Structure formats: C-alpha cells, structure tokens
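Undergrad: Residues per chain are reported as follows:
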Amino acid sequence: MKHAIWTLALAAAVVVGCGDDKKTDDGDPITETPSATTATTLEVQAPWMRPSAKNQNTACYFLLVNGGDEADTLLAAASELAKITEVHETYMDGDLMGMREVEAIPILAGETVEFKPGGKHIMLIGTLDDIEIGATETIVLTFARAGEVVVEAPVKKPEKTDVHMQHMDH
Amino acid sequence: MQRLWIILLAAALVGCEDPLPQKEFIGDEKFELIDQNGDAVVFPNDFEGEITLVGFVFTNCPDICPMTTHSMQMLQEALAKEDIEGVRFATITFDPERDTPEVLREYIRVRGIDDENWAFLSGAAPTTEKLMDKMSIVAVSSDTTVTEEGDLIYFFTHTDRITLVDPEMNIRNEYIGSRADIRLIVEDVKKLADD
Ligand SMILES: [Cu+2]
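Quick mapping for you: the protein sequence lines, in order, are chains A and B. Under the numbering used here, think of the first position of the first sequence as 1, with each following residue one higher. Under the numbering used here, think of the first position of the second sequence as 1001, with each following residue one higher.
Any given hint could be a false lead.
[Claimed, not checked] Listed below are the simulated DSSO-like cross-link pairs for lysine-lysine, each with C-alpha atoms no more than 27 Å apart in a straight line:
# : chain 1 : residue 1 : chain 2 : residue 2
1 : A       : K156      : A       : K54
2 : A       : K157      : B       : K1081
3 : B       : K1081     : B       : K1191
4 : B       : K1134     : B       : K1023
5 : B       : K1191     : B       : K1023
6 : A       : K156      : B       : K1081
No lab work stands behind these hints: they were computed from the structure. No experiment lies behind these values; they were computed from the predicted model shown.
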C-alpha cells in the first residue's frame, strides 16, 4: 500500500512536471534522471469498439503495451461520443456478472494490460449518435506519464479471438 | 490431472444414455410479453414445438450482454451453416421499463442482427420478474446515478446465461451467455433435433 501511494505521488509529480510546456519545470529532479530523457513507449494497440444505437451504451477495448522501463498509470478516459465516458471493469460475484468504475490502472514497465470483453473496458454511457459498424471513433486516454493519448478505434463486432471461450461447469 | 478429467469425461459421455439429463418443465405458466415489432408473444407457449435458445440481457449493458447477444448471433450462423433448421431465438430483457420494443429494434438494427427467427421480448415489469424467477435468472440493479441532464443511470448485476429449451418446453441445458462454447451448444441442439 505504501508502495502504491509512493507510485501515485511520483506519477502526480510527473504529470505536474511535464503536463504543460509553457510552465518552467527546470527544478524538477525527476526530469533530470537519465530514464526520463527517453521518450515514453506506452502504446495503445488493436483498439476496437462495439456498435451502439443513439442513447444506448457501448464499450471500447485495446491493449496497453508499456515497452518502456517506467511504470505508467491510466488515469482517465474521455470522448465526445457519449454523455459519460469511464474506465470500467466487469467482475464476477458468485454467479452474477457486474460492472464497476475503476480509479486508476497501473501498467508496469514491460507489461501489457488487456482491455477485453468480460474484463476492463472503456464505458461509453448514453451515446450521442449511432456508433455504426465500419466507422472509426475517437477516444482520449490520459496517462500519468504518457499524458493524453488519442485512440482511433474501428467499430466492429468482436472477432472470435477477442472472446475467450469457457465451458460452464455442471 | 488433466488426463484424469478427459478419461472421466469420456466415460461419462459413453456411459450416458440421455445426452441432456437436465429436464425442467417451464410450460406450466404463461408469460405475456411483447416483441420488437410490438406484437404480443406468450412465452414459452408460442415457442412450443421448436427448439429455442433463450438469452437474457438489458440493452444498456455494454460489455457482458453484447457478448451474449453475439454468442447467439454466432449460434444462428453456425446452425445455418450446418443446415439445422427450425431453431428459434429469444432474447428477454430484464430491464423492460427502458427496453421498449422501439429500443430493442434499435439494438437489433445497429448490430445487424437477422431477427427473422429471433424475438426480442419485453413486457410488464412484474411479468418479466416472474419469468426471471422461473428461469433462475437474477438481476439486481445497482450503481444508480443521475447525470447533469437528469438522466437516470443504473446497471444490473446479473446472471450471464443462454438457456436451451426443447420443443416440449423443458429447459435442457444452460450455458454462460457471454463465453458460450458455440460448438458445444450446436452439438446439444443436434441431440435434441435427432430425438
Ligand atoms: Cu462498463
């Protein structure tokens, strides 16, 4: 827990330090470390979004690949597609499936975090228009280190490989 | 350990006379519902005489329910590919207040669903509640919030299921809807069709 708080504090320091170019940040010791001079290599790969009719809800999925040697944290998601855009996860509670908002998702150095059906997703609540199969839609993810990353997600039905099969135990 | 399971499973398959041992009659109660076209449908009676795959969703569900619906779409395709005819599909909403026939039609349209043999059913809340009970489906609303515009936002924590109903209105098997094994369900449907 202490470690998590320390990580958050560090992440916050980074955001303050490099979030706005107009501010002078020469006093920040973090930016002087050698690792900070290498560009962040956080990548959002294979994004896609489910279709949605106007006023309904949908979800966006992708892989967060941290090829760098520093941890990063997904802090927020935003879009102009829906009334509300949130970072969510689906969870199982006994036999029931539920869903909840997630505050922050760490992506450790060298790690890949998967947003996939039945797991973590970007939740778009109350789509302002139809989100149709074949279109490409934009969402913006905000990371502690990488800052804002624009994601262009094609709208499609899931492919078989996007869904993990599982037998029901009897 | 895994090998033991395979041997046990093989033994169970060979030794089993009835390939679908589950048999639970649900035709003793009639549920008056309304389909996506606004037509009255009596469940399960209007499906009597045909094998029916029944899924449970609410359209405001962004993740799990679309997976269940997509499983049913894949089943529809798989059954067509194998020339298995006469199987019907029913998606029943456990959020009938929001999921009106019009909303269900939009849900169908945007997903490119072929609803020729697929009914999307809504109804009066007390009716769908009783039906959920009958089918052992639980849906608990949670996380209610109101947006700045005053829209009520809530979701359900719910059972994730597709149910196989035989032509005599018996439940014959149940599957996890969002992660359904399409091939397994097609095999089960074949067993019923061969009966
Ligand atoms: Cu969600």
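Undergrad: If you check each hint against the structure, which ones fail?
TA: none
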